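Let's have the full structure, built from the sequences with the hints guiding it.
Residue numbers (my numbering), protein chains in the order written: chain A, 7 to 197; chain B, 334 to 519.
These are computed hints drawn from the structure, not numbers from a lab.
Computed from a predicted structure; not experimentally measured.
Note that CB positions come from ideal geometry on N, CA and C, so glycine has one too.
Short, incomplete list of chain A residues facing chain B, as computed with Cβ under 10 Å:
1. F23
2. T24
3. T61
4. P62
5. L84
6. T87
7. A113
8. H116
9. I129
10. V130
11. A133
What the simulated footprint calls covered on chain A by chain B, stretch by stretch (three residues with Cβ under 8 Å from a Cβ of chain B suffice, anywhere in the stretch; the number is not a length):
12. 65-74
13. 93-107
14. 117-126
15. 168-176
16. 179-189
For the chain A half of the interface with chain B, some residues (derived, Cβ under 8 Å), not all of them:
17. G21
18. S60
19. A132
20. C152
21. A153
22. F154
23. E161
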Amino acid sequence: MKLLLELFWTFAKIGLFTFGGGYAMIPLIEDTCVEKKRWITHEEMMNITVIAESTPGPVSINCATFTGFRQAGFPGGLAATVGVVLPSFAVIYGLSVFLKTVLEIPAAAHAFAGMRIAVGLLIVNAAVGMIRRMELRALWVILMTCAFAVILAGEILSFHVSTVWLMLASAAVSLAVCLLRRSGTRGGRRG
Amino acid sequence: MILLELFLAFLRVGCFSFGGAYAAIPLIRDVVLAHGWLTDEALASMIAVSESTPGPIMVNLATYVGSSQAGLAGAAAATAAVVLPSFVITLLVTRLLRALLKNSVFRAVLDGLTACVVGVILATGLSMTARAVLPAGVAGADMRMILLAAVLAAVLFGAKPLFGKTISPIALIAVSAVLGIVLGSL
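Structure follows, in structure tokens:
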């Protein structure tokens with residue numbers, strides 16, 4: 007029980023002090039769980055980060071669930087995950103009650119008009135960063151460009167495209183190309 | 334049944350947000366616009382709030398949308414749903430996944446997903462920027478908003494090449510809020 011409380015409390019602190027979420031949390035989790043508490047090793051931390059990148063959902067959830075589970079099984083995983091989520095849940099729930107009133111103040115409305123532009127630019131910047139870090143292969147660039155064009159066309163001509171279906175289609179094309187290449191090399195060997 | 338709708342909608346977001354917070358934004362936008370839960374403008378404001386408050390952005394957005402539709406119960410349902418997929422995946426398959434990542438077929442599926450996600454994020458970002466700069470369309474263009482956008486873009490994209498430092502999201506949002514107030518009261 008003491009361990010569960012410690013897991014909950016430690017991850018609640020991590021959840022409370024990381025603004026912007028996601029990768030901002032990794033250094034703090036590493037410092038707390040690897041260096042100070044020695045709950046997980048450096049290598050395990052690396053593994054979680056790699057896996058977090060290839061699975062859906064927030065990185066911090068992967069870290070919390072894994073660390074808690076390693077220390078105290080399923081209850082540990084649950085305690086750490088609830089801990090990391092609870093601070094932002096409480097803050098946003100509290101804010102959501104006031105936000106409508108705040109937006110009626112003219113100065114706040116002007117501030118939010120400016121902030122919406124910053125948000126749009128930050129999203130563009132995130133995508134540009136991802137493209138830069140990627141190792142650009144032809145198929146990847148083609149699929150990326152198609153997805154970009156379809157969504158942008160939808161925005162301009164106002165028709166709705168489901169992001170989920172677009173993702174599944176893109177995965178299917180990539181899988182088909184991979185399988186075709188494989189059977190191609192096998193056929194080549196036979197001939 | 335609004336709670337079930339919220340839960341299922343955010344479960345979908347949690348299952349498909351490959352690539353972290355920014356990958357979740359287009360998915361959440363899909364969901365809230367399709368259900369009429371938030372306007373595009375309210376969503377953009379809320380993303381600004383999420384960048385400036387603790388915790389993962391997709392958790393913040395789930396809590397807010399849930400709360401705006403069905404109070405505390407709605408907030409709990411949406412938040413639990415958005416977290417559930419990564420919780421389950423981490424419990425079940427952390428060891429298995431490490432081996433799977435070396436499998437070329439699995440990698441091909443993942444590559445297809447990430448390629449699409451990056452394209453979608455780029456298009457969503459451009460379209461949200463355009464809507465924020467020109468809320469009344471091209472005909473109702475406001476020079477102050479265009480000026481503000483140019484300044485912010487210069488700060489965001491110019492910080493690295495000029496000063497060798499990147500500006501943090503929260504700092505850019507603070508700058509945009511101050512400039513918004515100054516230009517808005519002119």
